[in-house]
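Novice: Residues per chain are reported as follows:
There are 2 protein chains.
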Amino acid sequence: MKEINWNKLGNYLKETQLLGSIQNTLYWDQNTMMPKEGASWRAEQLTYIAKKLHARNTSEEFSNLIDSANEELQTHNANDTKLNDKKRNIQLLYQEIDRQRKLDPKLVELLAKAKSEGYQNWQQAKLESNYQIFLPFFKNLIKLRIEEARQISDNLSPWETLAQPYEPEISKEWVFRIFNPLKEVIPFLLEKSNEKKSKNWDLNKESQNLLCNKLLDEFGRNCDLVTSAESPHPFSITLGPRDYRITTRIVKGEPLSSFLATAHEWGHSIYEQNLPSRSHQWFAWPLGQATSMAVHESQSLFWENRIVKSKSFAKGFFRYFLEQNVPFKDHLEFWRSINVFKAGFNRVEADELTYGLHILIRTELEIGLIEDGLDPRDLPFEWNKRYQDLLGIKPQNDREGCLQDVHWSEGAFGYFPSYLIGHIISAQITSKLEEELGPLDYLIEKKYYQRIIEWLKENVHQYGRSLNAMQLVKKVTEVDINPDFFINYLNKKIDDLI
Amino acid sequence: MKEINWNKLGNYLKETQLLGSIQNTLYWDQNTMMPKEGASWRAEQLTYIAKKLHARNTSEEFSNLIDSANEELQTHNANDTKLNDKKRNIQLLYQEIDRQRKLDPKLVELLAKAKSEGYQNWQQAKLESNYQIFLPFFKNLIKLRIEEARQISDNLSPWETLAQPYEPEISKEWVFRIFNPLKEVIPFLLEKSNEKKSKNWDLNKESQNLLCNKLLDEFGRNCDLVTSAESPHPFSITLGPRDYRITTRIVKGEPLSSFLATAHEWGHSIYEQNLPSRSHQWFAWPLGQATSMAVHESQSLFWENRIVKSKSFAKGFFRYFLEQNVPFKDHLEFWRSINVFKAGFNRVEADELTYGLHILIRTELEIGLIEDGLDPRDLPFEWNKRYQDLLGIKPQNDREGCLQDVHWSEGAFGYFPSYLIGHIISAQITSKLEEELGPLDYLIEKKYYQRIIEWLKENVHQYGRSLNAMQLVKKVTEVDINPDFFINYLNKKIDDLI
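Keeping their order, the protein sequence lines are chains A and B.
Note that the first sequence covers residues 71 to 568 in this note's numbering.
Note that the second sequence covers residues 71 to 568 in this note's numbering.
Treat the hints with care, since some could be wrong.
If several chains are the same, the list does not tell them apart, and a pair holds so long as it fits within one copy or across any two.
[Unchecked claim] As a list, the in silico EDC-like pairs of lysine to aspartate or glutamate whose alpha-carbon atoms are at most 20 Å apart: (1) K172 / D137; (2) K121 / E85; (3) K106 / D287; (4) K381 / D421; (5) K545 / E470; (6) K72 / E130; (7) K516 / D150; (8) K78 / E114; (9) K122 / E85; (10) K385 / D137; (11) K121 / E179; (12) K267 / E239; (13) K209 / E239; (14) K322 / D168; (15) K464 / E452; (16) K176 / E480; (17) K253 / E243; (18) K412 / E141; (19) K284 / D224; (20) K106 / E342; (21) K269 / E393; (22) K84 / E107.
Hints are computed from structural coordinates only; laboratory data are not their basis.
All figures in this text were calculated on a predicted structure; none of them were measured in a lab.
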């Protein structure tokens with residue numbers, strides 16, 4: 071069985087991945103170590119690498135290598151156990167290069183400029199809480215991204231086309247089908263949940279770092295494989311096939327923020343750590359990569375909400391908090407304090423119940439902007455109206471309203487739904503996990519984290535991109551993605567809390 | 071005045087510098103943050119960048135760009151105030167590309183392999199304290215580097231040729247002329263210095279970090295420009311025109327190691343921070359770079375030895391040590407404890423008096439190996455003999471003997487002298503600084519660190535590579551480099567201590 075062209079393609083992909091991982095290293099350093107004044111040179115380094123990467127990912131040479139490897143694959147023995155995987159790799163590579171190569175280079179250039187201008191002016195607009203500063207750049211971004219969608223696809227709607235890189239094979243119809251029940255249920259549950267006042271307290275930096283480290287130790291973090299650090303916004307990133315990094319941040323007045331972020335980023339990282347790594351599936355090939363943003367988010371949300379915010383976790387871990395002199399009399403009081411459900415303006419700080427409403431609003435608005443003629447000028451009004459309707463609160467200004475998120479400022483439309491789909495997938499997969507391993511509360515009480523990780527690896531992580539999110543969830547749980555598991559979980563949790 | 075070709079060359083150099091600074095970022099991360107298991111992928115990233123850099127630095131395109139810029143320069147008006155600088159840039163670029171392009175590509179490949187094998191086997195040999203493991207690889211390295219020198223130069227001796235990249239325009243005759251007086255004087259001074267027993271004490275990591283930070287604050291470190299971290303071996307590195315990093319390390323049982331390393335690396339960094347930055351001298355051009363290893367070392371040694379090990383520094387800073395409960399009754403006792411002169415086997419841990427002897431031995435031996443037919447098999451014997459003769463002690467094994475340093479394992483011959491020339495230059499420049507600004511003890515007592523930095527910038531740093539080490543020292547002090555200033559300083563210090 072000849073693998074000459076296959077290996078040539080593999081070498082090309084490896085070199086691309088070397089460059090990609092260098093880009094990631096620069097990004098990591100920028101957010102964890104770089105002194106402020108290094109910013110402009112770092113931007114030049116990143117632009118340099120981005121150009122090289124773009125050239126590699128759209129080159130004639132790359133295209134020819136895929137063709138040759140594909141031809142070679144046709145001659146392979148059907149008994150090759152890897153044949154289907156290999157075909158899937160090729161299919162995904164075609165998908166990406168076709169997408170790239172359909173774009174007019176002129177448009178690519180205009181988009182890069184519009185994203186950078188959009189981001190800069192959004193920062194200023196947010197600072198001054200003045201949407202008008204951002205508006206002209208936002209209009210331009212929307213126009214260009216609609217044009218981009220037009221150039222790429224003739225069978226998906228523009229919003230669907232833009233959402234594909236985050237959530238492959240997503241459709242509007244499907245999103246609303248799984249989101250709409252939540253639009254009904256969440257406001258009802260919020261009322262039922264009996265809003266509690268949250269306590270005012272804090273922990274010093276040392277205590278927070280100590281607790282985060284204790285948490286990672288308990289989860290089985292291997293320091294030779296995973297580095298943790300602080301950054302302005304928490305993230306997880308992979309710098310090599312055996313090099314994982316996670317960050318957290320210390321927020322004044324939010325003593326649990328770093329702890330929850332650590333659990334969240336751990337979930338992202340453990341997914342990446344367990345991606346398949348055999349020759350045709352490793353790091354450099356599409357199959358060795360995460361399948362979608364929603365699946366990624368389902369893994370981080372699992373560790374943040376299902377593990378760390380559970381009653382049994384509070385029971386076992388509370389003693390470490392107590393050593394740091396937290397103002398709670400027992401683990402139950404502590405547990406309640408980290409499970410306060412309350413409508414707020416801020417998506418990032420939202421609890422797992424109200425979070426979905428923030429996403430629903432953004433999803434409806436961005437589809438409106440891209441497809442249904444919603445005038446960007448009307449965004450603040452439409453935003454505030456929906457917050458009033460769904461959450462019963464009205465932002466006082468655009469900074470805490472429609473200017474709060476970075477995504478649209480860089481033209482990222484179609485990203486937001488992944489967060490809520492992640493909640494939905496997390497609940498659905500967890501229900502299967504509990505069916506097979508026993509109740510989560512029991513597993514956590516026994517600190518069976520390695521069993522949980524093994525199960526997730528076996529059932530979720532090891533598939534990489536061989537299955538998309540819908541196929542993966544169907545394979546694991548035997549039913550299509552649907553919001554019932556999430557709704558049941560929320561119901562049960564609220565009953566437990568009141 | 072046309073600058074078309076000049077600017078093209080500048081753009082080429084800038085792109086090279088982007089790549090070079092990316093390489094530095096990978097190196098920085100490897101030593102400060104990377105988890106152990108990331109090592110093999112990181113090595114692949116670094117090899118990838120090194121190949122690209124080598125290709126850029128030896129390309130036909132680069133060579134042509136230098137030619138064109140040079141031709142354009144001939145047409146320039148003699149009134150261009152930058153003309154001499156520009157010519158010097160071109161001269162230095164020719165020097166480097168000629169050196170590279172004279173080498174047989176086959177030899178370059180063999181050398182890369184020999185360096186990597188040499189380093190690996192040296193590590194093993196050192197671990198087992200068994201020189202025989204390293205010997206065959208060392209022989210091969212020596213053979214190849216002699217061949218390299220032969221291909222590069224026909225008017226310098228082989229050792230001189232290999233030393234040029236570290237110390238431009240160095241000659242054997244000159245080195246021995248400035249080193250030999252030290253060979254006479256140091257053993258005499260060592261006897262006079264009245265060896266003291268050093269105290270056994272230690273400081274915890276937090277105290278050490280606190281003191282290092284306090285030190286950097288006192289020196290005026292700008293956190294927006296300079297990041298500090300820990301690494302296995304302390305170093306200073308520049309990642310961008312406004313991005314400087316330094317590291318230190320905590321060594322068990324050596325409570326001042328991190329503090330002195332911080333001062334040392336600060337000295338390196340402040341030199342880089344003050345390199346010239348006008349258009350034709352910035353970061354990407356030769357003139358924007360440090361002129362030699364010895365000058366670099368003179369700057370780090372200045373902060374480590376002349377500042378931090380001075381009596382007036384001890385007087386002013388001792389209170390911060392006292393807050394960390396150090397076992398000294400006053401600043402004088404503390405000062406004496408950091409100025410113990412004593413013969414030892416280890417170069418890195420040597421004091422400023424005996425350090426020179428370590429370098430003398432290595433310089434003689436490496437010239438012997440490269441030029442005078444010293445058989446590598448005899449190295450351990452020759453090494454130990456010289457330690458016995460000059461320092462009066464004999465290494466018990468090769469680990470603490472001829473296997474202690476990394477330099478030769480990677481074929482770096484001609485590097486060692488820079489350390490001692492650095493001591494010599496530091497003393498000579500400091501004497502001029504004192505002449506112009508007043509006694510160092512007074513400046514330190516007044517904490518006039520910014521005055522000192524300004525003086526160094528004005529008189530030393532701002533010249534970049536427009537002057538070589540010899541020219542620079544002559545310009546600053548009006549006399550040629552010579553060891554008298556260093557000998558005077560050592561004499562005075564020892565008198566002060568006894």
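Novice: Next step is simple, just say for each hint if it's right about the structure.
Specialist: Evaluation of the provided hints:
1. K172 / D137: within (17 Å within a copy, 41 Å between copies)
2. K121 / E85: both (14 Å within a copy, 12 Å between copies)
3. K106 / D287: between (32 Å within a copy, 17 Å between copies)
4. K381 / D421: Within. Shortest intra-copy distance 16 Å satisfies the 20 Å Cα cut-off; inter-copy 59 Å does not.
5. K545 / E470: neither (40 Å within a copy, 61 Å between copies)
6. K72 / E130: neither (23 Å within a copy, 37 Å between copies)
7. K516 / D150: Result: close neither inside a copy nor across copies, 42 Å intra and 78 Å inter.
8. K78 / E114: between (31 Å within a copy, 17 Å between copies)
9. K122 / E85: Both, since 11 Å and 12 Å are each at most 20 Å.
10. K385 / D137: For K385 and D137, neither the intra-copy (57 Å) nor the inter-copy (74 Å) Cα distance is at most 20 Å.
11. K121 / E179: within (11 Å within a copy, 29 Å between copies)
12. K267 / E239: neither (42 Å within a copy, 75 Å between copies)
13. K209 / E239: Close neither inside one copy (27 Å) nor across copies (61 Å); limit 20 Å.
14. K322 / D168: Intra 47 Å, inter 58 Å, cutoff 20 Å: neither.
15. K464 / E452: So K464 and E452 pass the 20 Å test inside one copy only (11 Å; across, 84 Å).
16. K176 / E480: Answer is within; shortest intra-copy Cα gap is 18 Å, inter-copy 48 Å.
17. K253 / E243: within (15 Å within a copy, 86 Å between copies)
18. K412 / E141: neither (57 Å within a copy, 73 Å between copies)
19. K284 / D224: Neither. Shortest intra-copy (52 Å) and inter-copy (63 Å) distances fail the 20 Å Cα cut-off.
20. K106 / E342: For K106 and E342, the Cα distance is within 20 Å only across copies (17 Å; inside one copy 30 Å).
21. K269 / E393: within (19 Å within a copy, 37 Å between copies)
22. K84 / E107: between (33 Å within a copy, 18 Å between copies)
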